[in-house]
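Protein chains: 4
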Amino acid sequence: MSSLVDTTSRTDILNRLKRAEGQLRGIQRMVEEGEPCLEIAGQMSAVRKALDSTYVRMTVCFMQQELQQRLSLAESREDELAAVLADVQNLLSKVR
Amino acid sequence: MSSLVDTTSRTDILNRLKRAEGQLRGIQRMVEEGEPCLEIAGQMSAVRKALDSTYVRMTVCFMQQELQQRLSLAESREDELAAVLADVQNLLSKVR
Amino acid sequence: MSSLVDTTSRTDILNRLKRAEGQLRGIQRMVEEGEPCLEIAGQMSAVRKALDSTYVRMTVCFMQQELQQRLSLAESREDELAAVLADVQNLLSKVR
Amino acid sequence: MSSLVDTTSRTDILNRLKRAEGQLRGIQRMVEEGEPCLEIAGQMSAVRKALDSTYVRMTVCFMQQELQQRLSLAESREDELAAVLADVQNLLSKVR
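Chains as they are written, first to last, in my numbering: chain A, 74 to 169; chain B, 74 to 169; chain C, 74 to 169; chain D, 74 to 169.
This is chain A alone, in the form it adopts within the complex (with noise of 0.2 angstroms):
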């Protein structure tokens, strides 16, 4: 299976990972300075969704760019292509 190429896609990939380290960090500092365990718990399933909704989006911006490459999309379908995408997302995001 490919990689993501696209620039803006990875960005959009690393920064959310970057975020969720932070929180991570986040939650060591708590655990250290004794915070109560509920909040420390909140603060888990925050970074859970969040790695969850870093994964929806790499899927969303891998099947953009394979669908693109592979299909050689008429530009007058490239908004039929992001309706789609944007319904995938959507659906995908439900779950998690």
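Hints are not guaranteed to be accurate.
Repeated chains share a single entry, so a pair holds when one copy, or any two copies, can fit it.
[Stated by the list, open to error] No more than 30 angstroms apart at the CA atoms, straight line, and that leaves these computed lysine-lysine pairs for DSBU-like: (1) Lys167 - Lys122; (2) Lys91 - Lys167; (3) Lys122 - Lys91.
Don't read these hints as lab results, they were simulated from the structure.
In this text the structure is predicted, and so the values were computed from the model without any measurement.
Model the placement of chains B, C and D on the given structure of chain A, informed by the hints.
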């Protein structure tokens, strides 16, 4: 967002849902017959996985339908589309 | 590992499983009647949450039963145990 | 809800969080170096599992601490408590 119109896709999704329903009834029997909690937990985990993979399947069927309809693909492109969809299903199955 | 013996706990778990089974049948109807995929996705997400909270409930019921049996708690300690179990249920519900 | 006071538990949780942070940085490198999406997906799934098991671990450590403190268990009961907690950890690890 549109619904699944393809009969094969619908039947596939319905069969998966029926199987999950059967599993859920099996779990109820296990509770009634006093089976060990760990076994029940294992079965609940199995239903969850079955539902998650039904979800992925539905998303992929939806994508296929929408892309075929809205991009009016030449038949020569169908294989390319199938390859992208197989990759996406693979990606989505990784995390669930 | 032992099974759930407390009748109230069992009935609670069974009722939750029955509700989830009903939800699953509802989703099958939605697929058959051609409801939009996004609505179906929303319902599938709801069943998943219902199963997850049944799982948490079963774990907490199991803990209560085992701790009461194996620690032979004085009645004066029952409130303390209930408080800890409520916190645990709270913690576990955060992430699912 | 109280916080984790036991040093061993805290260190265990912190080490798990640090490992997850390291994994997240590894994923960023994979994105930057253009690794295939499927491998990245596999690593993201691994971090998710690591976070989930950290969550379970924190919950079990919390239970142990609270039950010991609030139930003022006789030493002769510590083994029983440990056995229940091992079962609970087992149960919770089943589904995540």
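The hints, checked one at a time:
no. : hint            : verdict
1   : Lys167 - Lys122 : both (12 angstroms within a copy, 12 angstroms between copies)
2   : Lys91 - Lys167  : both (24 angstroms within a copy, 22 angstroms between copies)
3   : Lys122 - Lys91  : both (14 angstroms within a copy, 19 angstroms between copies)
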